[in-house]
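Number of protein chains: 2
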Amino acid sequence: MTTTDAPLSGVTVLDLSHVYAGPYATLMLAQAGARIVKIEPPAGEHLRRRGAVPGPRYAFAMLNSGKESLALDLKSAEGIALFKRLVIAADVLVENFTPGVMDRLGIGWDTLKEINPRLVYAQSSGYGTTGPYATYPAMDLTVQAMAGVVSATGYPGSDPVKSGAAVCDFSAGINLYGAITTALFRRERTGRGGRVEVSMMESVFPMLMSSLSSHYSTGEEVERVGNQHPGLSVAPYSVFATKDGHVAITCEGDHHWRALAVLMGRPELGEHEHYAGVKARVARREEVDELVAEWTGTLTKEEAFERLRAAKVPSAPVRTVAEVASDPHLAARGYLYPQDHPELGPITAMGSPITFEDSDAPARSASPLHADAEDLLRDLLAVGVEEYEQLAAAGAFGTQPDTAR
Amino acid sequence: MTTTDAPLSGVTVLDLSHVYAGPYATLMLAQAGARIVKIEPPAGEHLRRRGAVPGPRYAFAMLNSGKESLALDLKSAEGIALFKRLVIAADVLVENFTPGVMDRLGIGWDTLKEINPRLVYAQSSGYGTTGPYATYPAMDLTVQAMAGVVSATGYPGSDPVKSGAAVCDFSAGINLYGAITTALFRRERTGRGGRVEVSMMESVFPMLMSSLSSHYSTGEEVERVGNQHPGLSVAPYSVFATKDGHVAITCEGDHHWRALAVLMGRPELGEHEHYAGVKARVARREEVDELVAEWTGTLTKEEAFERLRAAKVPSAPVRTVAEVASDPHLAARGYLYPQDHPELGPITAMGSPITFEDSDAPARSASPLHADAEDLLRDLLAVGVEEYEQLAAAGAFGTQPDTAR
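Protein chains in written order, with our numbering: chain A, 1 to 405; chain B, 1 to 405.
Possibly wrong hints are sitting among the right ones.
What the hints assert, rightly or not - Straight-line C-alpha distance at most 25 Å; calculated BS3-like pairs for lysine-lysine:
| hint | chain 1 | residue 1 | chain 2 | residue 2 |
| --- | --- | --- | --- | --- |
| 1 | A | Lys75 | A | Lys113 |
| 2 | A | Lys243 | A | Lys312 |
| 3 | A | Lys312 | B | Lys75 |
| 4 | B | Lys279 | B | Lys312 |
| 5 | B | Lys84 | B | Lys113 |
| 6 | A | Lys75 | B | Lys312 |
Worth flagging that the hints you see were computed from the coordinates, not collected in a lab.
Turn these sequences into a full structure, and let the hints steer you where they fit.
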């Protein structure tokens, strides 16, 4: 399953995480060559079980590609005992429960470090394990609200709106990946494992850098700016309507503006005193935006983009979700690739945004719940057929519903 | 400057990157204990030089905390020669130029790996170094457009709007950090360095997971949903107006809804057949949202949040940028901390979202341009006073404007 030459080849990860942040971190670990043992509750991770709408099962498949599945009943003594044996065999443990849950299960870091001091214990939570918000409920929407992303998004004078991207979940997931690889590096040098944590709120905080630095340096509140430049210091810088959608355009330099003026068939505007120089254009932003919109309105978004690109004006079509889902560039790079899934049939799988010159993405799809359990336990703990049956009879794995397979 | 026990203690990084993605990655490296040599053009990185508005200089200070500065003229033979000597002394090189720029400067990976095969060469770009979009212009706005974030953000039936957070720049930066730590881990085990790259577009792609998986499983286009749940399968799930701002509320479970009904002073709604069960509430979403808004409109956002929190209903106040900038939780955790800056005076510095149990953030502020150059070159390359003067006279450092200091 793992490539021998892959960067994290030989690293075994116990993954207790669920939904987005944790599973995305371990997907990235899998794609860098680690072996991921996804430890699920007896009925399966709840994203796997959301059968009513088709999206969640597909998301589960995409996020858990290349992972092995083991159902464990962590509320049974047998489940906990087996988990502790696995901890001895593992390099990394990942979880994204609310702080305190692992301690209540009796498998917090203070316990596990006695069992395996080389273990890297990595956790992600909404606000971290310390500070007044530590136990606040944290989901992508609430952390976006608390971290200022909602307030900073939308048009001035209108209601705030969340980012349509799950920025908190996934930025925490990426940080969790980096936390683990950093701790693994340190372990190579020192022999020590350790606990490392990621906060979702801190993961998104720097993303408001333009607005934050403007506030810090002026002391003034910062209003949302729609599609304008966060510092309102570039023009044009916006999203413009076309015949069939929108196109994003920005002219940081005067040469961009001059090139755009030529495209618009009005080369004289490039040198006109009203528009030459970014300060002049910023002062007449609305007028500038109207001029640009007049031109984009005569084209499709792809036509506008092709012309802007040829003229070296920074721009991009506003692609819809369906367009992004089948983006030819992502396919050409091998980032999106076809995969066969045991239940869903042919699906589109995604790679890692981190590409090593000499490493391949895993070809294997997400495992059905508990499907690899016997092989896995034989491999990691030398559990034989007989012992496996005993563990099952004692309730270590709980009961797997047929529907969850 | 670096903590001996810090995870990346002893790692030396040459940082050629600029603005957000690269400098954020090396800020995180600095906070994990690496030594960062920020190599700037003779006049300084352009974010440092944007003097007209105060925000960019503050952003520069926040993003470059704890880094040493070296001005190098990479268009001079002396600058290139000195750079190559530094490469021998370094563990990591970071850059986020448009693909091809380093090759044109004569210091691409193919050249540098001959000089130092243990070097980790890490690069971030908008679309990666391969594929049809490789040389497309990439800034946060254009990548948000291309990756579907703009299309997925905003209210249904209204114009799309970008995320107010610079999600592309910073998610690429976090991935770049993880790329480097992964490559360093591999180098510990294999002795080999290597080239690793990050694509901004691929960094944000998974953030649309809910929308993408919905599209992949139905084949249908996915419309933006304002503040609603991306799959429209939870209600209430939105941002509601209060007396002084907004509050985000979500009721994934029936127990959340029952608790909310009690808070609203209408406990009978908790069990009412129109609202009991998430499917019933989803079917009457607008009606449910009106009921909730009626209640939130009587409170301030903090009052609403305190009551919801006490009743264990997932929620959060929609905090403004100014509120986030002085968030007491982030200060209590030591994520935001005071720092003295040579030009700006006392500033607010930020830590890393990755917290190791036993590691401290760097106390040092961003260096003035080229301020540490002599010490740095003595330390890394044993360059003495005389040789330093020769290098300066030969133009290796170019000319530093006084205003940039």
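Do the hints match the structure? See the list:
no., hint, verdict
1, A:Lys75 x A:Lys113, "21 Å, holds"
2, A:Lys243 x A:Lys312, "22 Å, holds"
3, A:Lys312 x B:Lys75, "23 Å, holds"
4, B:Lys279 x B:Lys312, "21 Å, holds"
5, B:Lys84 x B:Lys113, "11 Å, holds"
6, A:Lys75 x B:Lys312, "24 Å, holds"
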